[in-house]
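Colleague: Model the full assembly from the supplied sequences, consistent with the hints where possible.
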Amino acid sequence: MTKKVIYYVNQFFGGIGGEDTADFEPEIREGQVGPATAAASQLEDAEITHTIICGDNFMGSNTEEALDRIAKMLEDKEFDLLIAGPAFQAGRYGVACGNVCKMVQDRFGKPTVTSINVESPGVEMFKKDIIIVEGANAAAKMRKDLKNLIKVANKMLKGEQLQCAVDGYFPRGKRAELWLEDTRENTAAYRGVQMLIKKIKGEDYQTELIIPKKDVVPIADPVKLDEAVIALVTTGGIVPVDNPDRIQSASATRWGRYDISGVDSLPNRAAEGYKTIHAGFDPAAADADPNVIMPVDAMRAYEKEGKYARLHNYFYSTVGTGTTESEAARMASEIIPYLEEDGVNAIILTST
Amino acid sequence: MKLTIGNLHVQDVCLGSENSFKDGILTIDKEAAIAYLKEEDDHITDLDIVIAHPGDDTRIVPVIETIEPRVRMDGRCLFPGVTGDLVPAGDGDLKAFKGCCVTVVGKEWGSFGDGVIDMGGEGAKQTYFSKLINICLVGDTDEEFERHEQQKMNHALRWAGHRFAEWIGQIAKDIEAEDTEVYEFDPITKREAAKNDLPNVVAVLQPQSQMEALGYNDLWYGWDMNKYLPSFVSPTEVFDGAMISGSFMPASSKWSTYEMQNFPILKELFAEDGKEFNFIGVIMSNLNVALDQKERSAIMVRNMALSLGADYALVTEEGYGNPDTDYVRCQVILEDAGIPVVGVSDESDGRDGFGQPLVVLNEKLTALVSTGNVGALSDLPACATVIGNLEAMNRDGMSGSWGYDEILGKSARDDGSIIMENNNWFCGNHISGFAVKTMVEV
Numbered sequence: 002m003t004k005k006v007i008y009y010v011n012q013f014f015g016g017i018g019g020e021d022t023a024d025f026e027p028e029i030r031e032g033q034v035g036p037a038t039a040a041a042s043q044l045e046d047a048e049i050t051h052t053i054i055c056g057d058n059f060m061g062s063n064t065e066e067a068l069d070r071i072a073k074m075l076e077d078k079e080f081d082l083l084i085a086g087p088a089f090q091a092g093r094y095g096v097a098c099g100n101v102c103k104m105v106q107d108r109f110g111k112p113t114v115t116s117i118n119v120e121s122p123g124v125e126m127f128k129k130d131i132i133i134v135e136g137a138n139a140a141a142k143m144r145k146d147l148k149n150l151i152k153v154a155n156k157m158l159k160g161e162q163l164q165c166a167v168d169g170y171f172p173r174g175k176r177a178e179l180w181l182e183d184t185r186e187n188t189a190a191y192r193g194v195q196m197l198i199k200k201i202k203g204e205d206y207q208t209e210l211i212i213p214k215k216d217v218v219p220i221a222d223p224v225k226l227d228e229a230v231i232a233l234v235t236t237g238g239i240v241p242v243d244n245p246d247r248i249q250s251a252s253a254t255r256w257g258r259y260d261i262s263g264v265d266s267l268p269n270r271a272a273e274g275y276k277t278i279h280a281g282f283d284p285a286a287a288d289a290d291p292n293v294i295m296p297v298d299a300m301r302a303y304e305k306e307g308k309y310a311r312l313h314n315y316f317y318s319t320v321g322t323g324t325t326e327s328e329a330a331r332m333a334s335e336i337i338p339y340l341e342e343d344g345v346n347a348i349i350l351t352s353t
Numbered sequence: 005m006k007l008t009i010g011n012l013h014v015q016d017v018c019l020g021s022e023n024s025f026k027d028g029i030l031t032i033d034k035e036a037a038i039a040y041l042k043e044e045d046d047h048i049t050d051l052d053i054v055i056a057h058p059g060d061d062t063r064i065v066p067v068i069e070t071i072e073p074r075v076r077m078d079g080r081c082l083f084p085g086v087t088g089d090l091v092p093a094g095d096g097d098l099k100a101f102k103g104c105c106v107t108v109v110g111k112e113w114g115s116f117g118d119g120v121i122d123m124g125g126e127g128a129k130q131t132y133f134s135k136l137i138n139i140c141l142v143g144d145t146d147e148e149f150e151r152h153e154q155q156k157m158n159h160a161l162r163w164a165g166h167r168f169a170e171w172i173g174q175i176a177k178d179i180e181a182e183d184t185e186v187y188e189f190d191p192i193t194k195r196e197a198a199k200n201d202l203p204n205v206v207a208v209l210q211p212q213s214q215m216e217a218l219g220y221n222d223l224w225y226g227w228d229m230n231k232y233l234p235s236f237v238s239p240t241e242v243f244d245g246a247m248i249s250g251s252f253m254p255a256s257s258k259w260s261t262y263e264m265q266n267f268p269i270l271k272e273l274f275a276e277d278g279k280e281f282n283f284i285g286v287i288m289s290n291l292n293v294a295l296d297q298k299e300r301s302a303i304m305v306r307n308m309a310l311s312l313g314a315d316y317a318l319v320t321e322e323g324y325g326n327p328d329t330d331y332v333r334c335q336v337i338l339e340d341a342g343i344p345v346v347g348v349s350d351e352s353d354g355r356d357g358f359g360q361p362l363v364v365l366n367e368k369l370t371a372l373v374s375t376g377n378v379g380a381l382s383d384l385p386a387c388a389t390v391i392g393n394l395e396a397m398n399r400d401g402m403s404g405s406w407g408y409d410e411i412l413g414k415s416a417r418d419d420g421s422i423i424m425e426n427n428n429w430f431c432g433n434h435i436s437g438f439a440v441k442t443m444v445e446v
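Sequence order for the protein chains is A and B.
One gets our numbering by counting positions in the first sequence from 1 and adding 1 to each.
One gets our numbering by counting positions in the second sequence from 1 and adding 4 to each.
Everything labelled a hint here was simulated from the structure, so no lab data went into it.
Cβ atoms here follow ideal geometry from the backbone N, Cα and C, with glycine treated the same way.
Heads up, none of these hints are tricks.
Some chain A residues judged to face chain B by a derived CB distance under 7 Å, without partners named: (1) G174; (2) R176; (3) W180; (4) L181; (5) D183; (6) A189; (7) Y191; (8) I212; (9) G323.
Here are the simulated lysine-lysine pairs, DSS-like style, with alpha carbons at most 27 Å apart: (10) K42/B to K111/B; (11) K73/A to K111/A; (12) K368/B to K200/A; (13) K368/B to K202/A; (14) K202/A to K199/B.
Here are the computed distance ranges between Cβ atoms for each label pair: (15) E148/B to T184/A: 45 to 53 Å; (16) A271/A to M304/B: 38 to 46 Å; (17) R258/A to V364/B: 25 to 33 Å.
Modeller: Following this line, the structure appears as structure tokens:
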């Protein structure tokens with residue numbers, strides 16, 4: 002079945018005009034406009050049904066409104082892919098392509114692809130979210146950029162696995178498994194030893210895992226203890242014995258929030274109180290005394306001594322083993338509103 | 005040390021009333037085998053032997069262990085300190101049945117470290133063991149104390165597997181080998197000049213030892229590697245049963261005993277020994293959880309490498325997550341000591357592939373081999389035959405499968421189809437070197 006594609010261009014490539022028409026408001030036209038015409042001839046088994054045109058200034062100054070209006074235009078359209086650009090190194094156009102692609106992915110769940118040069122801020126802003134084929138720095142390279150862009154679009158339409166290195170788009174930090182032909186030369190053992198030989202000889206080799214630059218979170222300012230409302234959060238898997246939130250023992254995607262109002266010390270597993278469901282360590286000590294991971298006992302004692310203002314009356318728990326940074330960040334963002342609501346200004350995060 | 009392995013290539017395995025190997029057909033006296041294994045361990049309450057062939061529409065779960073059947077020609081046991089007395093391993097003559105493995109399977113119950121093998125269909129590519137004839141030893145025990153524990157030692161069934169591999173191996177004793185592998189590890193202070201002039205390469209292995217309680221970790225000559233410090237060993241000892249696999253660690257990141265007996269990374273180092281470099285042996289480390297234990301092991305690895313005159317090192321870990329800290333620390337301390345490193349491991353990028361690949365990262369790691377993503381999802385149809393018990397995936401806390409998920413449902417569905425993480429494929433990422441899988445940016 003022929004797939005349907007929608008194309009996005011700015012006022013210049015849409016044939017409206019130059020800088021003087023950059024306030025051109027979003028408009029959708031049936032068929033192909035500007036680069037969409039050449040793109041259509043290169044698409045395999047897909048047609049470009051509509052082209053959206055929007056002035057770069059309008060998009061830049063009224064981003065939300067422009068995106069809402071484009072979303073409305075797409076609501077009654079059937080499509081399988083959105084292509085934007087190529088934008089070359091144009092600043093506003095690159096950012097516009099990024100915004101439109103991201104909006105379409107987020108609101109419609111449809112794949113998108115664009116082409117932008119690394120010098121445009123659009124690349125830095127959107128390369129993690131969308132597929133941006135590396136473009137040239139000048140519109141004179143339209144033929145080449147469009148060819149590269151449509152090559153990737155064709156693969157996406159066929160559902161083929163893309164690879165940054167092969168398809169020439171900016172890395173998104175997304176990794177996937179790739180099976181190689183079943184030969185000795187492709188075994189990890191052979192690859193490892195050959196990589197070592199190249200390292201010995203000073204020859205070029207390609208590491209299979211490029212270590213990214215560090216993403217360091219700055220240390221927070223100190224908290225005044227007499228004003229401190231402290232919450233306890235753990236990745237140690239302490240939960241009520243029946244694990245009511247069904248938090249997984251590894252690779253967790255779920256978390257729980259448990260009321261400790263008036264509790265001076267967490268009762269243990271034998272007392273039908275709390276236990277750990279974390280599968281990454283020996284649970285014996287934590288089952289015997291869950292306070293060793295979730296130190297409610299010590300915190301209550303300090304609270305009574307007036308060492309800090311008060312303890313937040315819930316603790317929060319998930320399992321850290323095998324749990325990815327992205328899932329952990331999502332769970333944190335779900336927990337934080339509860340903490341903010343109670344005026345928590347310090348957290349003790351216990352790990353295991 | 006010189007280890008000679010005479011290979012007998014198994015074309016098929018049959019269950020019968022005698023033990024024999026004729027024209028490539030290995031026949032096992034099933035009743036005698038079961039009687040022997042039950043006799044050796046009173047804790048075994050139920051035992052069966054089932055054969056699974058490559059390409060069969062068969063799913064095996066929960067898989068506890070795989071072992072290659074072998075015999076030592078001098079009568080020494082196959083696994084010193086495990087199946088027999090403590091005797092030196094690493095030199096002498098062995099015979100091995102190639103193309104098959106003993107596969108230990110829980111009849112009812114699974115454990116955190118147990119996994120899945122699909123013999124046919126789309127799932128077959130997920131483990132090397134689908135290429136072998138699996139002689140499945142399916143059993144249950146009276147080890148009630150751990151029946152409902154997520155972490156099981158599975159002592160009775162694991163030991164039965166090792167004994168069974170040894171028992172089958174006896175069949176090879178008087179049969180002439182079809183081909184022979186020879187691994188010669190010369191004393192490193194007495195090597196010929198031409199070899200000594202080559203760059204010295206050491207392998208650093210980090211086997212699983214995270215459980216503080218004993219009985220779950222890999223064993224070295226029967227010794228729990230949690231109570232162990234890095235040692236200099238011969239690669240031939242690894243091939244010759246000095247080490248057996250444990251029951252802990254998500255299945256896809258484990259090294260089974262079969263993998264230790266055939267350790268592909270060590271075999272490839274032997275293949276280039278004397279040509280591209282001088283292979284000066286193995287520093288056998290571990291993967292303990294306490295920071296001081298990690299640092300102590302890293303220091304000892306470094307100092308042993310320096311004292312041995314290692315110029316380069318290849319480091320590999322049996323695991324991911326917490327063990328990544330040892331894997332990265334060890335590489336950094338070696339690089340800082342002027343010993344450039346190549347590392348081999350898998351990654352934990354999450355189901356969406358956007359997660360941080362290793363728990364800690366360090367820019368000094370410039371040469372890494374990646375063998376898979378423990379978080380990758382598999383969604384596969386039912387198989388005609390199940391050996392073991394699919395329900396273990398839902399019930400027993402096997403790594404990478406689950407009994408409830410509001411979006412994905414349970415791992416083992418009522419129609420026999422499964423959805424699970426890579427974590428649950430038995431040794432699926434084959435960090436030992438069998439992996440024909442890599443990771444790419446997409």
